[in-house]
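Enquirer: Kindly generate the complete structure, drawing on both the sequences and the hints.
So the protein sequences, as listed, match chains A and B. With my numbering applied, the first sequence covers 1 to 118. With my numbering applied, the second sequence covers 1 to 112.
Keep in mind that the hints are not guaranteed to be accurate.
[To be verified] For lysine-lysine, the following DSSO-like pairs were computed, each having C-alpha atoms within a straight-line distance of at most 27 Å:
{"no.": "1", "chain 1": "A", "residue 1": "Lys78", "chain 2": "A", "residue 2": "Lys55"}
{"no.": "2", "chain 1": "B", "residue 1": "Lys57", "chain 2": "A", "residue 2": "Lys105"}
{"no.": "3", "chain 1": "A", "residue 1": "Lys73", "chain 2": "B", "residue 2": "Lys9"}
[As the list claims (entries may be wrong)] Pairwise CB distance ranges (calculated):
{"no.": "4", "chain 1": "A", "residue 1": "Thr27", "chain 2": "B", "residue 2": "Ser110", "range": "23 to 29 Å"}
{"no.": "5", "chain 1": "B", "residue 1": "Gly16", "chain 2": "A", "residue 2": "Ala72", "range": "44 to 50 Å"}
{"no.": "6", "chain 1": "B", "residue 1": "Thr5", "chain 2": "A", "residue 2": "Lys55", "range": "28 to 34 Å"}
{"no.": "7", "chain 1": "A", "residue 1": "Asn58", "chain 2": "B", "residue 2": "Thr15", "range": "44 to 50 Å"}
{"no.": "8", "chain 1": "B", "residue 1": "Gly84", "chain 2": "A", "residue 2": "Ser101", "range": "26 to 32 Å"}
{"no.": "9", "chain 1": "B", "residue 1": "Leu39", "chain 2": "A", "residue 2": "Lys115", "range": "15 to 21 Å"}
{"no.": "10", "chain 1": "B", "residue 1": "Ser79", "chain 2": "A", "residue 2": "Ser101", "range": "25 to 31 Å"}
{"no.": "11", "chain 1": "A", "residue 1": "Thr20", "chain 2": "B", "residue 2": "Thr20", "range": "38 to 44 Å"}
{"no.": "12", "chain 1": "B", "residue 1": "Gly16", "chain 2": "A", "residue 2": "Leu117", "range": "42 to 48 Å"}
Keep in mind the hints are simulated off the structure, nothing from the lab. Beta carbons are placed, not taken as given, at the ideal position from N, Cα and C, and that holds for glycine.
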Amino acid sequence: AQTVTQSQPEMSVQEAETVTLSCTYDTSESDYYLFWYKQPPSRQMILVIRQEAYKQQNATENRFSVNFQKAAKSFSLKISDSQLGDAAMYFCAYRTYSYTSGTYKYIFGTGTRLKVLA
Amino acid sequence: DSGVTQTPKHLITATGQRVTLRCSPRSGDLSVYWYQQSLDQGLQFLIQYYNGEERAKGNILERFSAQQFPDLHSELNLSSLELGDSALYFCASGTGDGNIQYFGAGTRLSVL
Chain A
1 AQTVTQSQPE
11 MSVQEAETVT
21 LSCTYDTSES
31 DYYLFWYKQP
41 PSRQMILVIR
51 QEAYKQQNAT
61 ENRFSVNFQK
71 AAKSFSLKIS
81 DSQLGDAAMY
91 FCAYRTYSYT
101 SGTYKYIFGT
111 GTRLKVLA
Chain B
1 DSGVTQTPKH
11 LITATGQRVT
21 LRCSPRSGDL
31 SVYWYQQSLD
41 QGLQFLIQYY
51 NGEERAKGNI
61 LERFSAQQFP
71 DLHSELNLSS
81 LELGDSALYF
91 CASGTGDGNI
101 QYFGAGTRLS
111 VL
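Expert: See the structure below:
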């Protein structure tokens, strides 16, 4: 069964510094998507970045980038030049498609709470 | 603003009661997903609808049911509520290819 593990319940970073959040997953499939979602205190889930497994190039969105290691099943999120507004819970998610049932499956990790220190 | 609307924002009810949560997807999105997030937990996928039909089922209790209507809005019905059902319930919508989900702001359910 697919699983998503975020081993860091909480992380802290100084404003303007760089922080990396870890995510590992377990799957036997070769085609899937990976996502990072941000959940600020407002509880809204906001898509930060996504990565397609068949693409070797790491995705980047402004200050957010990922380090995707397919063989190691690792998908870490790097936040550069951290800002106070980056403080939130960050969830890693895995999505796969079952050609047998014709359905998608999303699995979320338990989250990492990021604190940004002024 | 994701374009996904969930109502109500907050719901307080008693054990044994039944409630209905409503979700209006983004314009043009055919898929609706429901998730449950208990306190300080990750999201648990409950169920997905695509263009009115149930598409995938996750860890949804038998006391819970959902449907998607012809106008594509969806409702999640929770019955015989228990204290442990207190959680944040999210709805997300997508185009149907499952590539990106857009989340609503959630409904916070408190069962007393």
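Enquirer: Does each hint fit the structure? Answer for all of them.
Expert: Hints, one by one, checked against the model:
| no. | hint | in the structure |
| --- | --- | --- |
| 1 | A:Lys78 - A:Lys55 | holds, 18 Å |
| 2 | B:Lys57 - A:Lys105 | holds, 9 Å |
| 3 | A:Lys73 - B:Lys9 | violated, 37 Å |
| 4 | A:Thr27 - B:Ser110: 23 to 29 Å | violated, 36 Å |
| 5 | B:Gly16 - A:Ala72: 44 to 50 Å | holds, 49 Å |
| 6 | B:Thr5 - A:Lys55: 28 to 34 Å | holds, 33 Å |
| 7 | A:Asn58 - B:Thr15: 44 to 50 Å | holds, 48 Å |
| 8 | B:Gly84 - A:Ser101: 26 to 32 Å | holds, 29 Å |
| 9 | B:Leu39 - A:Lys115: 15 to 21 Å | holds, 19 Å |
| 10 | B:Ser79 - A:Ser101: 25 to 31 Å | holds, 27 Å |
| 11 | A:Thr20 - B:Thr20: 38 to 44 Å | holds, 42 Å |
| 12 | B:Gly16 - A:Leu117: 42 to 48 Å | holds, 46 Å |
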